[in-house]
Each structure stands twice: as structure tokens, then as C-alpha cells.
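With the hints as constraints, model all of the structure from the sequences given.
Here is how the chains run, residue by residue.
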Amino acid sequence: MITDVEMTADAERPAPALASAAPARGGRGPYRLVRSRWTIPVLVFLGFFFVIPLGTNVWRSVATGQALTAGPVVFYAKLLRDAYYVGILAETLKVGAIATLLCLVLGYPVAYFMVRHAGRWNALIVFLLIAPLLTSIIMRTFGWRVLLARKGPVTLLLHDWGLIARPANLADDPVAVYVALVHVLIPFMVLSIVAVLQQVDRRLEESSRVLGAGPLATFLRITLPLSLDGVATGCILVFVVANGSFLTMLLLGGGKVTTLSVLIYQQFNVAQDTGFAAAMGNLLLFVALICLAIQARFLRRQGVKA
Amino acid sequence: MTSAVPLTLVEVSKSFGSLQALKPLTLAIGGGEMLALLGPSGCGKTTTLRIIAGFETPDTGQVLIGGADVTDLPPNRRGLGMVFQNYSLFPHMSVADNVAYGLKMRGVPAAERRVQVRRMLDLVRLGQYEDRQIHQLSGGQQQRVALARSLVTNPSVLLLDEPLGALDKNLRERMQFELREIQRRLGITSIIVTHDQEEALTMSDRVAVMAEGRIVQVGPPTEVYDRPRTRFVSEFLGTANIFAGTIADRAGPFDWAVALDIDRAAPSLVRSDEPLASGRRVLIAVRPERLAIRPAGEGEIPARVQDVVFRGSYFAYELAVPGQPGPVFAYSQSRRDVPADGRVGLTWPADGAIVLQDAP
Chain A
1 MITDVEMTAD
11 AERPAPALAS
21 AAPARGGRGP
31 YRLVRSRWTI
41 PVLVFLGFFF
51 VIPLGTNVWR
61 SVATGQALTA
71 GPVVFYAKLL
81 RDAYYVGILA
91 ETLKVGAIAT
101 LLCLVLGYPV
111 AYFMVRHAGR
121 WNALIVFLLI
131 APLLTSIIMR
141 TFGWRVLLAR
151 KGPVTLLLHD
161 WGLIARPANL
171 ADDPVAVYVA
181 LVHVLIPFMV
191 LSIVAVLQQV
201 DRRLEESSRV
211 LGAGPLATFL
221 RITLPLSLDG
231 VATGCILVFV
241 VANGSFLTML
251 LLGGGKVTTL
261 SVLIYQQFNV
271 AQDTGFAAAM
281 GNLLLFVALI
291 CLAIQARFLR
301 RQGVKA
Chain B
1001 MTSAVPLTLV
1011 EVSKSFGSLQ
1021 ALKPLTLAIG
1031 GGEMLALLGP
1041 SGCGKTTTLR
1051 IIAGFETPDT
1061 GQVLIGGADV
1071 TDLPPNRRGL
1081 GMVFQNYSLF
1091 PHMSVADNVA
1101 YGLKMRGVPA
1111 AERRVQVRRM
1121 LDLVRLGQYE
1131 DRQIHQLSGG
1141 QQQRVALARS
1151 LVTNPSVLLL
1161 DEPLGALDKN
1171 LRERMQFELR
1181 EIQRRLGITS
1191 IIVTHDQEEA
1201 LTMSDRVAVM
1211 AEGRIVQVGP
1221 PTEVYDRPRT
1231 RFVSEFLGTA
1241 NIFAGTIADR
1251 AGPFDWAVAL
1261 DIDRAAPSLV
1271 RSDEPLASGR
1281 RVLIAVRPER
1291 LAIRPAGEGE
1301 IPARVQDVVF
1311 RGSYFAYELA
1321 VPGQPGPVFA
1331 YSQSRRDVPA
1341 DGRVGLTWPA
1351 DGAIVLQDAP
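Protein chains in written order, with this note's numbering: chain A, 1 to 306; chain B, 1001 to 1360.
Worth flagging that the hints you see were computed from the coordinates, not collected in a lab.
Where hints are given, some of them may not hold.
Reference excerpt, derived from the structure (chain B facing chain A, CB under 7 Å, subset only) [stated by the list, open to error]: (1) Ala-1053; (2) Asn-1076; (3) Leu-1080; (4) Phe-1084; (5) Ser-1088; (6) Met-1105; (7) Phe-1254.
Computed far set for chain B versus chain A, every beta-carbon distance over 10 Å [claimed, not checked]: (8) Asn-1086; (9) Leu-1201; (10) Ala-1266; (11) Leu-1283; (12) Gly-1342.
Quick list of simulated restraints, FRET-style, between CB atoms [to be verified]: (13) B:Ser-1041 / A:Ala-195: 24 to 32 Å; (14) A:Ile-130 / B:Glu-1130: 44 to 52 Å; (15) A:Leu-101 / B:Leu-1019: 38 to 46 Å; (16) B:Gly-1139 / A:Ala-288: 37 to 45 Å.
The model shown is predicted, which means the values in this text are computed figures rather than measured ones.
We put the beta carbon where it would ideally sit given N, CA and C, even for glycine.
This is the structure:
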């Protein structure tokens, strides 16, 4: 949003000032193709459908229902003091963290394979990765219900292998939520890591090998540190999106996984306590902003080093 | 510092799919020797180096370092040093950490590491740069750090993969001498891969010229340059004028008269250690600097000057010889008077012409 503000200011600046500033700002001379005033339609759209609703939401969370009688911060106080809601917040962060960790552990090897070994299979792997994103979430989630049902193929297979004692309905087990989250979020992780790993020269790894490092030491000291940017980006994407998911938790896990998003959905649609729902939404947004701030800081530090 | 260790390749070959990158190749490099693998891209020189380093496993054959078979050892257990074309320095580490990396991997204690890193950086004249980040260094400095990093572990063999390819011409020439001097001082067995003939001639004790997956000629730089065995070698190392002809008769103990296929005034001379049978068809190569330009009517070959180019230290004459496809080049230290019609005569001494092994 800071960029938006800068761009608006730019558009209003008189032309000569722009021209004189051109060399320093790189490519913003009188011959530039894109003019900042062309961003006005997007800014208007964002203003009406993003900034104003956000503002309304903040206002709603401090000035509707109970907030009118019991003071403006009553919803927030309830969220942060009431053990139940604190538990929900903790559960939300836990689900996000576990999904992120699973995506990282499962996704890094895939990303590494894609960059170093896949060759012509790369396109196929990318397609397979993003296929879940191209499928409707309802179909995807009900697909998991079928696969994980008491007599579903996955359950029977696990039973045959002796991994579970007796066939159970895994679709209503919390594990189903994680399976479905990883399924749809892993492409964000893999593609983030791939983008950075592609920049890591293979000869750096070869240098490390010649200098006496084995494969594991080479990975830990060279490959991993140089791909941390991608890992950070992937983790934050997955974490934030996982925090915002609620259909997965509604349709899978048998209602045992209740996160902030699920609660927001319930407050809006069932309890119709829009003020409280708005407060929860703002809390979730705040968590996301913290993540983005951490990422921006991390990337800036890396930028200075590299 | 390093006891000189020989390196031997025995019948090493490698294919990538249907492409035979390396035909069975045997090569012995003496302890302390600097050998250049020279050839156009795709000739197998880089594959050879990567097999020695252990990045590629040969389909057949063995790699012996100091008599020990290392063919099946991973790169980290071969005790080698390697400098890559792009230096391949670790961007997330300081200069000192880069150089110390190999020592750290060998479990050398920190205090000892510091001493050795300092000593190595002094050797490459970068003593003051320990704490710098890699991106703060110039290309030449990065090159030196890469060299220090590869030498600090006392490798038995140093592998140089186009080490100076990314430097500009002046710096490259200076670094050639510097690298050569350090290599000699340490007496470390070295292999340098290059496609730059001048670099190969300047830096190595022996040059191995490669083409299409095999070594076509190995020898000291002067020998490979002066006595190329094939047309490919004569043209890849420097410039050569190639003539076809028929051996006429003996003209001296080691000299033969050869009747060239071009329009000639008299037979030319070639020198050969082996006897050449009369009537044998031969291809001969003559270096431009051995071709002498005479006034018209003199010399064995009448020619016409097409163009004269000043090249700094010499003049290059482009000549047309009737019956010869393509131009003939002659280099001369001084500018000659060329008559208005451009007609001159060409001659060369017997030892200026080399009989090639190729079939004419």
C-alpha cells in the first residue's frame, strides 16, 4: 500500500520534475511506456473493494453490538482473555505451523529434484503440483472424504499394511485436515524454493565436494543457506494461506479442528455476531501482517549480504 | 610443500546417451607437471577434467592419483584442488571463510585454520582482504581467492577449468604468469582445461590437443606448435597454410623436394625425420611466419598480394596463389615494398614445412 501512495503522488507531480528525476530513478524518462496515472483504475477498484471494506470491518469490530454498550475493545478483550478463544488462536497457529513444516519437509526435496535432476520432466512435475489448485476446493475436499472414508482405498491400504489396527473413518480425523492442507499448499512451497534454488550455481556444490565436504555437509553449508530466501517465502505463503482456510476444516476432520477462520465463518453465518467476527478477522489479518513484516526484514538482510 | 604426485588416466571413456564424449583415453601426467587440455568446445576436455574430479564416473578405465586407484572415490575423498571458470566462490561467506572451508571440512582446528588462511592469502597477495565479502572483490581478486581456496588444503593435483576465461585480456595475461609461477613454486601437479591456444602454450609444460573425444597430439608447447601431426592441430594452434603435393626426390639428409599441386616455378622443400617415398601424396603445413616474400620471379611459388594488415608486432599479408583454394597468409616483421601489380614470389626453408599425417 505504501507503493500505491507513492504512485499517486508521482502522478500529480508536474512533468519537468519527473524528467529531471529520470536518470536517478532508472528508466523513468520522458519516453517511458507506462504512466503512473494508468494505475488509477486499479487504485479506485482497490479503494472501493479493499480499503473501504477493511476500514468498515475495523469500525464494525469496535462499534457494533456489544461494543456499543461494553466499550470499543470488548471483542478484542474477549479474544485475548477468554481461554476458549486463546485456545482457538493457538490451534490456528498450530495448524498453520504444522502444515508449513510438512510442506517444507515434503516440498524441499521435490524442489531440489526439479532443479537438479528433473530435466524434461520438469513441466510434468509443475503441472502435477498445480493441478490441485486448478480443481475446485469442494471437489478436492470431497475427493479426500472418499479416499479417507472407513471403507476408502487409503484406509484399507493402511489396514492391509498393518499401520492402523482397524479401518476407521480417517476423513473425520484431524489428520485429514493436514493431508488436504498440504495437498493444496505444497505448490506454493515448492515453487518458491525452486525459484531461488535455480539461482544457486551447481558448481558451488561441486566446489564444496572437491574441498572435502560430503553430500550432507554440502547441502547444509552451501545449498540450504543459499536457498533460505525461497524457504522463507514459501513458509510465509503456506502459513498465511493455511491460517485463512476454513472449508477444509468444515468438511474434513469431523469438526475437531476449529481455527479462527472457522469461527469467523460461524460468527457471520450462524451466530450473526458481525462485530465479533470482524474483530477475529482483524486479528487474523494482524498475524498475516506480522508474517509479511518478518519476511520483508529477512529478505532485506539477505539482500545486503548477497 | 607438496610432494609431486603423478596422475594417470588408463583407457578412460565416457558416453552421454548416444554421444561418445570420450573415446578410450590414456594419459600420464608427471609429478609437478602442468598439462594443458586444449581443444574446441565439445572435444571432451571438460569431461576429462570432471572424471578426474569425480563429478562423472567413467564408463570404462581407471583414474590413478599417485598410483592409487581413485575411480570409485567421491570427489570429497580425492584430495584435489579445483578452480572453476566463474570462480564458484561461496557468496554467503567472507573471503577468509571461503579459503578456510576445505580446512574446516578436514577438521583442522580454528586457530590453525586462521594461520593457514593468512599464509595462503599472502601467497596470492590478498593478505588485507580476509574480512571482505565476495561481491566486494574484482574479478581478478575473486580469481585469486579461488586459487587460495583450492591450494590451502595441500591438494595432490590442481584442476583448473578455464580459470582465466572470465578476465579481460590484460589481466588474463598477467594472471597466466602469476598462476604459472605459483604452480611452479608449489610444484603441484596441475591440469588446465582451456580453449585458448595462447593460454595453453604460455602456461603448460605439455599440451594435449583434443578433438572429438580423443587426444590427437601431446607434447611440449614448442613441439606441438612446430611439429603438428595433423591438419587439425596445425590449424587449431596458430595459423597454418596447408598445401597438397607429391614427393619428388631426396634433396638432403632429411630434406625432400615436393611437387605441390599449385602452379609453381620449382619444387618446394620439406623436412622429415622419416624417409618419404617418391611419388607419395602428402599434405604439408607451413606457418605464416616461415613463409618469406621475395620479388616476383624469385622463390618457388608465384603469388599475388591481395591485402596487407598491420597487426601491431607484425604485418599480415594475404596472398592469392593460383591453383590453391583459399588465401595464403604470410607474416613479416617489416613492411615490404609490393609492386603495383602485387606480384611476388614465395619461399620457405625446408624446416619451415611440416608433413602432416592426414591423407591428402
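Here is what the structure says about each hint:
1. Ala-1053: 6 Å, holds
2. Asn-1076: The hint holds - Asn-1076 (chain B) has a Cβ within 7 Å of chain A, the shortest such distance being about 5 Å.
3. Leu-1080: With a closest approach of 6 Å, the Leu-1080 (chain B) hint holds.
4. Phe-1084: This interface hint holds because 5 Å falls under the 7 Å limit.
5. Ser-1088: Cβ of Ser-1088 (chain B) sits 4 Å from chain A, so the hint holds.
6. Met-1105: 4 Å, holds
7. Phe-1254: Since chain A brings no Cβ nearer than about 48 Å to Phe-1254 (chain B), farther than 7 Å, the hint is violated.
8. Asn-1086: Violated: least Cβ distance 7 Å, not greater than 10 Å.
9. Leu-1201: 27 Å, holds
10. Ala-1266: Holds, since 57 Å exceeds 10 Å.
11. Leu-1283: Fine: 41 Å to the nearest Cβ keeps Leu-1283 (chain B) off the interface.
12. Gly-1342: 52 Å, holds
13. B:Ser-1041 / A:Ala-195: 24 to 32 Å: Given range 24 to 32 Å: holds, Cβ gap about 30 Å.
14. A:Ile-130 / B:Glu-1130: 44 to 52 Å: Holds - the Cβ-Cβ distance for Ile-130 (chain A) and Glu-1130 (chain B), about 47 Å, lies within 44 to 52 Å.
15. A:Leu-101 / B:Leu-1019: 38 to 46 Å: 44 Å, holds
16. B:Gly-1139 / A:Ala-288: 37 to 45 Å: About 44 Å separates the Cβ atoms of Gly-1139 (chain B) and Ala-288 (chain A), which means 37 to 45 Å holds.
The structure is inconsistent with the numbered hints 7, 8, although it conforms to all the rest.
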